[in-house]
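S.K.: Okay, here's what each chain looks like letter by letter:
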Amino acid sequence: MNKYHKRRLWLISLFAAGMTLAVGLVLFALKQNINVFLTPAQIAVNAPKSDYHFRLGGMVKKGSLIRHPQDLTVEFIVTDLKKELAVQYTGVLPDLFREDSGVIAEGSLNQHGVFIATQILAKHDENYMPKNVYEAMRKQDEKIS
Amino acid sequence: MIRIAGEVTLMFALFFALLQSVMPLIGYKNRNPYLLACARPAAYAQAFFVLLAYGLLTVAFVNNDFSIAYVAANSHASLPLMYRLTAVWGAHEGSILLWIVMLNVWTIAYVWVGWPSVWPENFLADSWLGKCLCIFAMARRPPASCALFAKTHKHFPSHESAKKFSGHTEGTTLTISILGIISFCFLCFILFTSDPFLPALHASAGHDLNPLLQDPGFIIHPPMLYLGYVGFSVAFAITQAAFLCNKLDADWAKLARKFALAAWFFLTFGILLGSWWAYRVLGFGGFWFWDPVENASLLPWLSGTALIHVLLLCERRDTAKAWASLLAIITFALSLLGTFLVRSGVLVSVHTFASDPTRGLFLLLLFAVLISAALSVYVARLIKMQKSTYQISWLSRESALLINSALLFIAMLTILLGTLYPLILDALHLGVISVGAPYFNKVMMPLVLITLVLMGVVSLPSIRKLQPGMLFAHAGFAILVIGVLLSSLLNQERFVRMEPGNTTTLGAYQFQFLHTKGVSASNYRGIQAEFAVSKNKRHITNLYPEKRIYTVREMVMTKVDIHPGIFRDLYIALGEPLHDDVWSVRIYYKPFIRWIWFGGLLMMIGAMLSLRSPSLRGRSSDRSNPCHVESQGNTT
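Which chain is which? The protein sequence lines are A and B, in order.
Convert by adding 25 to the 1-based position in the first sequence; the result is the number in this note's numbering.
Convert by adding 437 to the 1-based position in the second sequence; the result is the number in this note's numbering.
Treat the hints as calculated values from the structure; they're not laboratory data.
There is no bait here: all hints are sound.
Straight-line C-alpha distance at most 30 Å; calculated DSBU-like pairs for lysine-lysine: (1) A/Lys74 - B/Lys879; (2) B/Lys902 - B/Lys691; (3) B/Lys821 - B/Lys684; (4) A/Lys87 - A/Lys74; (5) A/Lys31 - B/Lys821; (6) A/Lys108 - A/Lys87; (7) B/Lys996 - A/Lys87; (8) B/Lys879 - A/Lys56; (9) B/Lys974 - B/Lys996; (10) B/Lys821 - A/Lys28; (11) B/Lys691 - B/Lys466; (12) A/Lys86 - A/Lys108; (13) A/Lys86 - B/Lys996; (14) A/Lys74 - A/Lys86.
Start from the sequences, fold in the hints, and give me the full structure.
M.R.: Now the structure itself:
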């Protein structure tokens, strides 16, 4: 083993150590920051714990939006056409938030089973709809026709 | 009329792309200089037809030709002319056409820079096909080309000398051929899956351009981004050609670095414009959302940055060539991946307008074919490559460069993982998840800080000896990081319910809601609010945020108003009307946010200075000295 080999060995082990550290960091960060996407029907079957942070997707039920008169709190119902879930949010709603249109909310359930949203995602495409909601609606349409 | 002309033009472009890619390859294999010489005129011809197709589509937009489905879907008679011009790339089909236009622009730039001054048309004139193609060559340099028919046999009387000459041009023609292959693939893609000239199925008055895209920031954002993306394919093609000719020398490194730097310049500009656009248009005061599409542009930027640095080692120290050429392939792959992610509809994102599965499959196939071909050339040639004799010592600038490139590479991998992970899980039916911004922030923070420290340790002690380009780029990066850190740490925001007459306080600033009034323009109507901003009772400015409804799509948009400053921005966005004149309002105090874009601009200046530095400006080997060419030709 000459000087050149030694140097190469050092380099490789340094690289391996760096990679291990990076992979460790990445996995740690991923584990903490993954948001699972759930629909009301999935929640009805298997409700997550009250401190579990996740993304809720569905349609805003027509006529369900209520605004509190004093602050910026709103309540509405998210539906996937099978089950419904009440959502509460304090803040400014995005431009494309509309009744009878797709929405994604991030947050967690409280003790009463109401979803407390910390963020309503602005999906800036008016044709946007969560994929599973779209499929549910298509099936519904097929049933009718 | 325009429709059919457009289709025919695209077909012609496809034909010439095929010539441009196949002829030089056959010529290379059979050592036939006549075929090799076809590369350049074919490239001109292709570029001509691609630009013509683009011009035709633009004319269709300007004339509101709604018989074309794509125009009808993305324009409207009431759309201002400026946005009708930019609507050409406002959706899928047009942006793929723009991609091809950019590729052709780069090819022509390469032909100008990389082609030797001795006339290769001399060979061309000898073949019948060459004579046809010559017409396009003439368009550029008439005197030389006209004279060429007469001179042909005088200059190169024998086939032998022609062969000698071809040894020198091989690398250049192969590069053009590889660029032709890429262009051919994308022209197939556009003709078979995303034809912008398809007829509209029923008459309509147009659906208007997506209002989010009706913004000055958007006018040059996509072209710059695409110039950057696509520019890396030149560095890739140069590298692949060098591999095929077994000429991975200092000339290769210099030429590849030149084009990689130019591409990097445009990509940086494109990303900056994108973040500036997001800041002003999306109304959340953020400059980067870790949206998959934003990540898609950051990935080739990171590996491209690594590439530029490592190529420097190849050029000066004749080492790290395998790493540099791998980076060239990866950067190209990432820019293809970016196109795939944005254009295939696999992402649910701000930017995704297309969602046709055949397009996604086609792009994925194209990606797989191009990259596996590139990698097999790489592996096959790597085995034969000579080991570098240069030894990198510890604690040298060389080793710092390598570590820096490794850090950039790791940063790229972590972002790639975070971007693709949800897609892979979804594709395998393992559940629908999303990876949030905190992941990216958490992972990138230590990497960026280590890079910054390393950069400082290396460049600060020898700051006098640094080239101005490096100095600007590195100082720019430091300023950008400071901007990102301070603007996120010291950021203040407030969501309030307000009506005219109300005052709210944020930090040291008071915001008084004065009144609202109606506004309208050709394609929207809206409400404009007026706020008086003061600090310690001293009046600073009045801000006028708006809420608009774009009438054709009935789409609601927020137009924010910003009071910019070197040390802080004040930012107001109207939320929604709660009732009567009561509004929800978002107010932000954004310290040091301008530093982000200022730092980015400095980095661009750095790239520009490096491009103009004497070490890169000099021609790699031959242009000024034909004798040198002869000798090089002899040795091959």
